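Engineer: Chains as they are written, first to last, in the numbering used here: chain A, 3 to 237; chain B, 3 to 237.
No wet-lab data here; the hints were simulated from the structure.
These figures come from a predicted structure and were not determined experimentally.
Note that the Cβ used here is the ideal one computed from N, Cα and C, for glycine as well.
Any given hint could turn out to be false.
[Stated by the list, open to error] Sample of chain B residues lacking proximity to chain A, with all beta carbon distances greater than 10 Å (derived): (1) Q111; (2) E142; (3) E144; (4) L218; (5) F223.
[Stated by the list, open to error] On the chain B side, residues computed to face chain A include the following (Cβ under 7 Å): (6) L146; (7) H179; (8) A196; (9) R198.
Number of protein chains: 2
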Amino acid sequence: MMAMLQQLKGQIVVSCQAYEGEALFGSVMMAAMAQAAKDGGAAGIRANSPADIRAIRQQTGLPVIGIWKREYADSEVYISPTLQDVLAICEAGAEIVAMDATSRPRPNQERLTDIVAVVRSRYPKIVLMADISTYEEGLEAERLGFDIVATTLSGYTPYSRQQEGPDYEMLKKLIVHLGVPVAAEGKIQHVDEANRCFALGAHMVIIGSAITRPQLLTRSFVTAAEQRNRCNLEA
Amino acid sequence: MMAMLQQLKGQIVVSCQAYEGEALFGSVMMAAMAQAAKDGGAAGIRANSPADIRAIRQQTGLPVIGIWKREYADSEVYISPTLQDVLAICEAGAEIVAMDATSRPRPNQERLTDIVAVVRSRYPKIVLMADISTYEEGLEAERLGFDIVATTLSGYTPYSRQQEGPDYEMLKKLIVHLGVPVAAEGKIQHVDEANRCFALGAHMVIIGSAITRPQLLTRSFVTAAEQRNRCNLEA
């Protein structure tokens, strides 16, 4: 477990995700994107759903941070919300399993501490990653026994810091005060932002949309062009 | 022909290319990437090879700038070098056919002026795009009857300006002195670079690697991380 975390120290992990209805949806496509990331030097892949985790591990041989995004009527939690979801990721072979570790109620009133206990008992070698949105949730995740904390959800819970870029302040505070390593993830678009996360002491940096969501990359160019066209029309 | 160019005025075109041996190689993958670009607002796609052109047109319905990168022993020219290559692109249905219009010798001692004449005669509705590397080549392309000139090859011929970013100086000079529209293409990585091209008067801006080559995007993050790791080891 520690060897796996050591292997990812100072490295870039690329998140390869596409949702149903999106152009790149499907395990074949995601395995190809993950291979491209590996060819570019990624040390690991973050992937969504047991099918994608299996396909990506088989294709690339890279360690995978597995999640399963699922929606439940009785909870706002959507990253690997239930024990069953978490176990399915472990079963799919993910070396690291990441889950929502915010303070929000989970589906079926499940408790995070129970999920941690069951996974530890059944999959003692799997690394547990806590996706949190505030410093306090990071502290609590360490107390619950997570091996690594990720800043993934800052800005994605209503009570966390809402900002366009990475939450450096929370990242720094977590790095200073936690005993476990901290992964930087969320809203990291540019190389200099990744560098800043490493400079603050991030164990690894996880990049998603900036690499593997061409529709969003296109949108950023198109939005700027549209604004210009509008201004030209008005002028 | 003019309607097609008018449709692309002020717009972002996304270049979707992968080479044999690369993770994203193949028409299925390229059609998916092109669809993602369309979903992000791209107004057109630049594509390589008759197979990709067909797949992308069928998938997206967007206008396609077709090229065919091929290597010949007797020439340095590799973007749609021969008449046969150019005709194959036209046959595949590309609305715009782009070709190397540099001053370098072409394979089989073919002449650009002959290629232009044959395409005009057989495909009178197809827009002809000249990929050039210097201002003088742009002037010559207009003289030869091309409908639009693209800055694609600046930095990719030994005698053209060698620089990391877009060749704004050549772009500006072409826009000022040519009667035909000028497309900005080549080394445009960031939104502000695209904006600057539009501000100078580029008819359209064509983005490639910054959107559709995840291995290169990954590499830029990884290179920075590796530098940091090396410095930490040395310190």
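Engineer: If a hint holds in the structure, say so; if it does not, say that too.
Structural biologist: Against the structure, the hints come out as follows:
1. Q111: Holds: least Cβ distance 38 Å, greater than 10 Å.
2. E142: Fine: 29 Å to the nearest Cβ keeps B/E142 off the interface.
3. E144: holds, 25 Å
4. L218: violated, 6 Å
5. F223: violated, 5 Å
6. L146: violated, 29 Å
7. H179: At about 22 Å, which exceeds the 7 Å cut-off, the nearest Cβ of chain A leaves the hint on B/H179 violated.
8. A196: Hint on B/A196: holds, closest Cβ of chain A at ~5 Å, below 7 Å.
9. R198: violated, 11 Å
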